[in-house]
Amino acid sequence: MKKESKMNGLPNGASPASAKVTVPRQSLWKQVMKHWEFYVLLLPGIIVTIVYKYAPIYGIQIAFRDYNAMDGFFGSVWVGLKWFERFFNNYNSVRMIKNTVLLSLYSILWTFPIPIILALLINQVKWKKFQRVSQTILYAPHFISIMILCGMLRIFLSPYGGLISIIMQAFGAEQVNLIDSSSAFRTIYIASSIWQDAGWGTIIYMATLSSVDASLHEAAKVDGANALQRILHIDIPELVPVIVIQLIMSFGNLMNVGFEKAYLLQTSLNKETSEIIATYVYEQGMLKAMYSFSTAVSLFNTIVNIVLLLIVNKICKKLSNVSFV
Numbered sequence: 106m107k108k109e110s111k112m113n114g115l116p117n118g119a120s121p122a123s124a125k126v127t128v129p130r131q132s133l134w135k136q137v138m139k140h141w142e143f144y145v146l147l148l149p150g151i152i153v154t155i156v157y158k159y160a161p162i163y164g165i166q167i168a169f170r171d172y173n174a175m176d177g178f179f180g181s182v183w184v185g186l187k188w189f190e191r192f193f194n195n196y197n198s199v200r201m202i203k204n205t206v207l208l209s210l211y212s213i214l215w216t217f218p219i220p221i222i223l224a225l226l227i228n229q230v231k232w233k234k235f236q237r238v239s240q241t242i243l244y245a246p247h248f249i250s251i252m253i254l255c256g257m258l259r260i261f262l263s264p265y266g267g268l269i270s271i272i273m274q275a276f277g278a279e280q281v282n283l284i285d286s287s288s289a290f291r292t293i294y295i296a297s298s299i300w301q302d303a304g305w306g307t308i309i310y311m312a313t314l315s316s317v318d319a320s321l322h323e324a325a326k327v328d329g330a331n332a333l334q335r336i337l338h339i340d341i342p343e344l345v346p347v348i349v350i351q352l353i354m355s356f357g358n359l360m361n362v363g364f365e366k367a368y369l370l371q372t373s374l375n376k377e378t379s380e381i382i383a384t385y386v387y388e389q390g391m392l393k394a395m396y397s398f399s400t401a402v403s404l405f406n407t408i409v410n411i412v413l414l415l416i417v418n419k420i421c422k423k424l425s426n427v428s429f430v
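Residues 106 to 430, numbered by our numbering, are exactly what the sequence shown covers, in order.
Wrong hints could be hidden among the right ones.
Each computed DSS-like pair below joins lysine-lysine, with the alpha-carbon atoms no more than 30 Å apart [to be verified]:
1. K158 x K135
2. K376 x K187
3. K422 x K203
Keep in mind that the hints were calculated from the coordinates and are not lab data.
Please work from the sequences and hints to get the whole structure.
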């Protein structure tokens, strides 16, 4: 039988470092009470999230009912997948899904890399005053409202006295109505998005680059590395985790194309490419009061986003070992 040490309660020959220390576990309530100040600070955010994010989920059921405001949620007739079948049997459904996917994919293709390139270029500028001025100029368009931006586009692209029309006529080109052109809609949408949001998108990348150890660049300079080599081997590897997270988020919102700009730029002549799921949901739900049908279409849109988010997250985790979970 082993003798216990009366001094420390450990077996003879055992050191305190080799002994297992048992930390008493506190109950959840005791932990909350111990740090109650932090939970009080979190409380407003939690309440807002529950009210605006989780409580509305209760209304998803109207996608499976023939909703009538007089009968309420549970009084309305249950119709199952009727509204989903109606959407997929609609001759415009394939076109709307195609327009949504293409517009979003083209937006990611063109708008995603530009903030990264701008951030790398600005970071190379040594004159801090010029750097701050250029950042301010690039950020400014982000604060222009979508409605004002669309008004500016309509004025610039108007075939009657618009700036673009005047420039084209000055070079001998024919007058073209770009704002009503189906073939020009995606170009107008994406180009305006680049102008408005590219500068603002550089913020997160600039913050990451500012944390790069300056000694790495100094050592690279000593070894004879030029600016391009330092960008490729120091800056870009530091940006990879942030780029991957941003890419996952972008694909997670693939079907959520900006509704406001698409709707405000939409005309009867360019509807062939400008009609997307978001504008269709607005027309059916708000203008025609078909709440169940519009909810079903929106639910389909959300499910596709969730599936894409999970797929892209899985792919990014395998390729770069960076993911949300």
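message = Of the numbered hints stated earlier in the document, which are not met by this structure?
response = The structure breaks none of the hints.
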